[in-house]
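A.B. asks: What follows is each chain in one-letter form.
Number of protein chains: 4
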Amino acid sequence: MPDPVRPWKLSREGPGRYLDGRPFGNTSNVFECLFSSAASYTDSSDDETSPRDKQQKNSKEIEIAEQEMPALMALRKRAQGEKPLAGAKVVGCTHITAQTAVLMETLSALGAQCRWAACNIYSTQNEVAAALAEGGFSVFAWKGESEDDFWWCIDRCVNVEGWQPNMILDDGGDLTHWIYKKYPNMFKKIKGIVEESVTGVHRLYQLSKAGKLCVPAMNVNDSVTKQKFDNLYCCRESILDGLKRTTDVMFGGKQVVVCGYGEVSRKGCCAALKAMGSIVYVTEIDPICALQACMDGFRLVKLNEVIRQVDIVITCTGNKNVVVRENLDRMKNGCIVCNMGHSNTEIDVASLRTPELTWERVRSQVDHVIWPDGKRIVLLAEGRLLNLSCSTVPTFVLSITATTQALALIELYNAPEGRYKQDVYLLPKKMDEYVASLHLPTFDAHLTELSDEQAKYLGLNKNGPFKPNYYR
Amino acid sequence: MPDPVRPWKLSREGPGRYLDGRPFGNTSNVFECLFSSAASYTDSSDDETSPRDKQQKNSKEIEIAEQEMPALMALRKRAQGEKPLAGAKVVGCTHITAQTAVLMETLSALGAQCRWAACNIYSTQNEVAAALAEGGFSVFAWKGESEDDFWWCIDRCVNVEGWQPNMILDDGGDLTHWIYKKYPNMFKKIKGIVEESVTGVHRLYQLSKAGKLCVPAMNVNDSVTKQKFDNLYCCRESILDGLKRTTDVMFGGKQVVVCGYGEVSRKGCCAALKAMGSIVYVTEIDPICALQACMDGFRLVKLNEVIRQVDIVITCTGNKNVVVRENLDRMKNGCIVCNMGHSNTEIDVASLRTPELTWERVRSQVDHVIWPDGKRIVLLAEGRLLNLSCSTVPTFVLSITATTQALALIELYNAPEGRYKQDVYLLPKKMDEYVASLHLPTFDAHLTELSDEQAKYLGLNKNGPFKPNYYR
Amino acid sequence: MPDPVRPWKLSREGPGRYLDGRPFGNTSNVFECLFSSAASYTDSSDDETSPRDKQQKNSKEIEIAEQEMPALMALRKRAQGEKPLAGAKVVGCTHITAQTAVLMETLSALGAQCRWAACNIYSTQNEVAAALAEGGFSVFAWKGESEDDFWWCIDRCVNVEGWQPNMILDDGGDLTHWIYKKYPNMFKKIKGIVEESVTGVHRLYQLSKAGKLCVPAMNVNDSVTKQKFDNLYCCRESILDGLKRTTDVMFGGKQVVVCGYGEVSRKGCCAALKAMGSIVYVTEIDPICALQACMDGFRLVKLNEVIRQVDIVITCTGNKNVVVRENLDRMKNGCIVCNMGHSNTEIDVASLRTPELTWERVRSQVDHVIWPDGKRIVLLAEGRLLNLSCSTVPTFVLSITATTQALALIELYNAPEGRYKQDVYLLPKKMDEYVASLHLPTFDAHLTELSDEQAKYLGLNKNGPFKPNYYR
Amino acid sequence: MPDPVRPWKLSREGPGRYLDGRPFGNTSNVFECLFSSAASYTDSSDDETSPRDKQQKNSKEIEIAEQEMPALMALRKRAQGEKPLAGAKVVGCTHITAQTAVLMETLSALGAQCRWAACNIYSTQNEVAAALAEGGFSVFAWKGESEDDFWWCIDRCVNVEGWQPNMILDDGGDLTHWIYKKYPNMFKKIKGIVEESVTGVHRLYQLSKAGKLCVPAMNVNDSVTKQKFDNLYCCRESILDGLKRTTDVMFGGKQVVVCGYGEVSRKGCCAALKAMGSIVYVTEIDPICALQACMDGFRLVKLNEVIRQVDIVITCTGNKNVVVRENLDRMKNGCIVCNMGHSNTEIDVASLRTPELTWERVRSQVDHVIWPDGKRIVLLAEGRLLNLSCSTVPTFVLSITATTQALALIELYNAPEGRYKQDVYLLPKKMDEYVASLHLPTFDAHLTELSDEQAKYLGLNKNGPFKPNYYR
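Protein chains in written order, with full-length UniProt numbering: chain E, 1 to 472; chain Z, 1 to 472; chain X, 1 to 472; chain S, 1 to 472.
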């Protein structure tokens, strides 16, 4: 335990207790510490706000988030009679934000008990964590954890006397990994894992392949609704937002090369930039995606064909070393380089950490890398995901993910013995459709209902599912 | 046999024979008949052309089509050494067009023998049929067949002495159905069926489900490349073209309701019309598709909410009775109604054939249906598919389908015993990718190759397949 | 019955002679000739229709056009009490189409007498001319006039005993030119000229500059509403339509170079093609337009930089010899070349009429020009305007022009002495706004009215004009 | 050293007094104050930077700005031989930013002496002001001036012994107004005024109308290049950026009403939001603009028709009280209201300052106005211009304005006696074209040159101007 004095630790070691007793004592210390390091990256005006105001503001942020997460609120309402998660003890490991707070409060309203850690050392909104703690939730997280802190927090979620989780809600697989490694026996009581991230899902499939997955797992990441929203509708806006907030670049007339033409790239990046007047080139390895790029009006090139002329380079491949030092050497002065893909390996950033190159941080998340001849490359988020690092995720998108997570927990928790084996599952189509339908009222959208005759003609149940599971 | 004097029948009953003897006698009769009824619907200037010129022009049309079907030409070239279809006897039932001619000539170059009928009583380009016949192919088809003609032609393809097919290439399933019904023993020698249409594939799955499918079948319709092209890239252009050619309507400012928001509708119809300045409303039954419509910027409504105000109604659902008499009664004067979906059942056209309504044909494929108060509805193609009836399909799109068909034939014909069972298969991903790659040179598109390191990182073979089979 | 001696009547009553003495025979011949060569280019199904049906159909076409020209119908209604053109004798020279018929009938309803000739030897819809003649109008025009016919018809409009025009409605300036040349004294009674075309307006400005314009003239061509519609909204649709009808080309992925980036090009061609998935390059001589092309996302190139790689070349400059033989020599096989500009001089078509090149007409308006090595260029409309030759103009666009013409006639005819001198004028902004407002109901569009306070703040009259005259 | 008494120097050299006697203390105070309240709105990470670093960083910002203002750098280069502004004494009143610094340094390189004040009390980048002062320029400005400060600074620019301006560069007309009011005799030596803003230009036209304009003035605001960039290309990006930075709203599926359909609105706001998946309604008073909105695919409504359902309200009219309390009362909870027009009068913000409504500042530039029933309206920038308040202006756009200003100064300063009278002029078209051409290299854009023959055909000089002055 490297650091004996950390805020939440302190508060947890003090007179109060989370789950049972509440409140848990000396928060003032905590808050002092928290607020000195404050400043969520989405809020540049914090400096004008006093700590007191911040806290008030924050429960308000949760309140505002509630308004934009209508589906969770609808779930809460429907749960007033019945408690589908009564008896559920959910241990979670996700980003700690106002939206997560709405999810946790919803799970609680559905009958569950929750203990939570952060899945990322930077992303915790401290005020939200504090507000949740005030509200009686056991949250172990703060912005700027060390790696040791990170694992310590996770451990605190599960290693607690008198409370044993029976459901896991994970984002990245770290929590699942920790339990596998430290407390494998705990799985005997666990009814299922709900996993949200690409990485976490990948790990689960590997476990399953190796015959080591010992409970059913629900792959939330690949649910259609989430996929479409995260990859397409969200990236379409965050590519513009991320570039603008970091560089103030004008998009009109800029030449851009986008590496990869999958869902993220297609409408997410390429279409948005094209709409703003950029000239977009695409690179691809898969001929089918390549042909789609052509038909959508993008020149398909090899990176080296255009590297000298482009103003912006964006990677969205999921591959590694897509942009390497040789490419970076040939870029023109002022070229912006960033990553919208699924990993931080796409740009070989390590290759830029050599003595002849000078790094200069010009803004948060923005580095100028300077060549001996004075040429500057503008590297965003050090090659990590632009949309997560330099942009915000609209609450509405998070609402879809959170609702899907809640439904996946309900499904796994209530499924009759034998419906799910020790394998990785996609959310049943019908529940995916249900998630979508809960979000339609936001748009004042009116769904058409099948007539009996039409349902019969199509061989469908009038209430869905309307598409086969594999349909995207 | 209701009609003793039909052109191809005549020629086939005369002195010559197709496959063996050639030529087949008294073509002059045939041509006279053909050319008096001539005029492909895509060519409004035929009246200026003499029959003689037409025939010349037509082999030229095949020649021109060859230039736009580079993938088939590439296949021919690669086949110069080896004949992957040597010994194959292919019986086909498709639209008879210049593009089909290029396919047939390619199959022939690959070593196959072909006998062909039309899958549609209207779509045959007589000059192409004639040119193919001149070139030695056994083609049984003409524009404007009766239903009896239709089945007679199909029968002539298979019911022939001394020649028995070992491969079926079908579009709609009628040929397959005929063989099942009349010559079931023929399947003993048949190595496989390649089916192109939704309907035909549906029939095959039903056979398979019922345990009655007795040879392997390849579902070409659902190959990714074909799907993307037919549904999206093609419809995007043909919705505009079909409406313009039939009605000369100006798109700017028009209010349009599109029923259904699947692939055809999404980018195909809605995006194209939006780009031209129309205001587009969408109806949907599936909440996932509905949410996508919302996010793409279309108001999601029930048909009745907007039926009084829209200028154009387009159906793309695959469902039946999507637009019924009640809706038609409420449309405003001059409203255009058409169908881009998968069946001719979407608009309840039968309900318009009542005594109080007057029908008036104002152009080919365009009817005015007139209410007693003088209100006119403009009904296109009597509710059949607009894109097939009133627009043209670019050769490039047909090239993708034809190449896929050719590869599917090669795959089934050469597959080692046991690779394919008596079931319906999708084209292996790798061959789908191959089809796409053969079309990239058209766009001067340059594919990126994986490095060894990247292939290893992704767990892929450097030459593909690059995506799982279910990937779209 | 405004005119006892009508051309159709005349010609039908016995053999006559053209002005220069050529006999034009009896009308039955004329009609036979007319209808056998009939077939408006917008109507591919004429061959199925008998002459009798055609004529019936045509008054129906006028009726249908009336429904899409709501502004003229509104003018007619308002004229029921008052006849603003009472006493006006309008001689016109325009395209003779169903839409012109609606205009003429409107002028007549407003009190005017009309005599009309065609401004183009090909564009007359014979059935419309016949229907107008039947309705009592003096129309001198048929499809396929010789140049002598053309001038004879014009002469017949003005050279008539007992009737002298006091207003001119011209499209191209030929009528005005004829009167200047043959009957200059006629101008003494003429109150004004309304001119619709670029060329005609140019001629008027030259006359004015030379001090030879002897009556006020209204430049209808440059009215804002007409400009926006003709140049932008109309071309946006007609570029796609014209290319599709002539070549069936697929737009997706095609490389296109557009010469010139004015109004026609900008949204008209470039934006439409971009929306359909083409990759568009632009050439420009004016740096301001060039910069706009850049910001809109088009690579600005010199023609020679891309001429080898493009699939389609479109000229929209108003300049001459923009595409010359040297460029044509370098194009790739199958390249499509067409003109959307203001003249037929943009493509140096004459340079293609050399012995080593073979011309082959493949469809109406489509020529293949074939190089000795077999390379084919697809030349549309022999370099004349694609949108006029190969596409249709929506009635709604023509409605705007026709309404503007009618209002310009009313304005000039009723203007108090001295308001207009012997000069060329633009339509007063307020009347331009009135034309626009008459077309809004078509879109169910609701205009906002200024409050008194707002009008005062802006220094405007509540009823307009809302913008200065130069505003576009 | 043009001016021994510079403000920064002054203030740093000891306590001073404002014009009206208020003391403004010693500079160290000033700097402390400046940097503690610092934080340019474009830079959210200032809190991590020490004052020392900030200043270093800032001359770097000027350096970076230089790279994106290639046209000014080109002017500097051309001025190496000749000094077109030698002897010019320019007094300026503009926003004080890195881009202005590049302009001032350019004017200086061209031979001019400069004294400068800020045209806005909030927009000064203090570090830039400091860097300019360090570099020897007389700059009187800081972020957060009071109104008295504001006029004091302006006065300090002109009221200085031994230095009298002969050129005015104004943005808003306040400087011009001050000289008119306080030092009218100064105009005797002034050769001209260059004015950049709508308001300032309006004032000049009023002066001219009243016969009180006593020197020539150049209206830079209405130069084509500036207009297109500021109104269209810039707003297209800043509407998205401004909304995103302040509210993180997701655009997809949002219903938006845009009041006014002029240049700003048209492509600036409406097209950008449409491209991001919003459903956009438009209100207009001018039927011509209204018809364009219809043709571009937007429903034209009165505000009240949609006010209950929209998620975002944007004003771009230039009018006053476009959104009034009655509208605000009817908006739904969470509705965002902002202004992109030319004044801060469009939204009647004053009407919201009533006791029953609660205002809550949730972020910088973002207020929640809360109704008694809990409904919240999200008001941005208190109704001031969103694009200036909540977004950044790309350097490239400012480069165009700054280059135009520099050329206007050169033109007025060097014009032969009599070319310009005491009136308001637009920049000659040719210079406008020159500004554009200086910016083309940024896009690697290649302009086509007219041949002699073409120039003759068009009646143009080969080097321009290519369009009449009124052309946009």
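Read the hints as simulated data drawn from the structure, not as lab findings.
Treat the hints with care, since some could be wrong.
A pair holds if it fits inside one copy or across any two, identical chains being indistinguishable in the list.
[Stated by the list, open to error] SDA-like cross-link-like pairs, simulated, lysine to any residue; straight-line CA separation at most 20 Å: (1) Lys467 to Asp222; (2) Lys267 to Asn231; (3) Lys302 to Ala455; (4) Lys302 to Gln255; (5) Lys209 to Ala74; (6) Lys302 to Asp444; (7) Lys89 to Lys375; (8) Lys60 to Gly374; (9) Lys60 to His368; (10) Lys83 to Leu388; (11) Lys467 to Leu426; (12) Lys60 to Asp373; (13) Lys60 to Lys375; (14) Lys332 to His368; (15) Lys375 to Met73; (16) Lys421 to Asn166; (17) Lys320 to Lys462.
A.B. asks: Take the hints in turn and mark each one as holding or not.
C.D. replies: So, going through the hints one by one against the coordinates:
1. Lys467 to Asp222: both (15 Å within a copy, 15 Å between copies)
2. Lys267 to Asn231: both (9 Å within a copy, 17 Å between copies)
3. Lys302 to Ala455: Between. Shortest inter-copy distance 17 Å satisfies the 20 Å Cα cut-off; intra-copy 49 Å does not.
4. Lys302 to Gln255: both (15 Å within a copy, 18 Å between copies)
5. Lys209 to Ala74: Neither: 38 Å inside a chain and 41 Å across chains, both beyond 20 Å.
6. Lys302 to Asp444: between (45 Å within a copy, 11 Å between copies)
7. Lys89 to Lys375: Answer is neither; intra-copy 55 Å and inter-copy 36 Å both fail.
8. Lys60 to Gly374: So lysine 60 and glycine 374 pass the 20 Å test across copies only (13 Å; inside, 48 Å).
9. Lys60 to His368: Between. Shortest inter-copy distance 12 Å satisfies the 20 Å Cα cut-off; intra-copy 37 Å does not.
10. Lys83 to Leu388: neither (34 Å within a copy, 51 Å between copies)
11. Lys467 to Leu426: Intra 14 Å, inter 18 Å, cutoff 20 Å: intra and inter.
12. Lys60 to Asp373: between (51 Å within a copy, 16 Å between copies)
13. Lys60 to Lys375: between (46 Å within a copy, 14 Å between copies)
14. Lys332 to His368: Within one copy only: 13 Å inside a chain, 44 Å across chains, cut-off 20 Å.
15. Lys375 to Met73: between (52 Å within a copy, 18 Å between copies)
16. Lys421 to Asn166: The answer is within: 16 Å in one copy meets 20 Å, while 44 Å across copies does not.
17. Lys320 to Lys462: The answer is between: 14 Å across copies meets 20 Å, while 46 Å in one copy does not.
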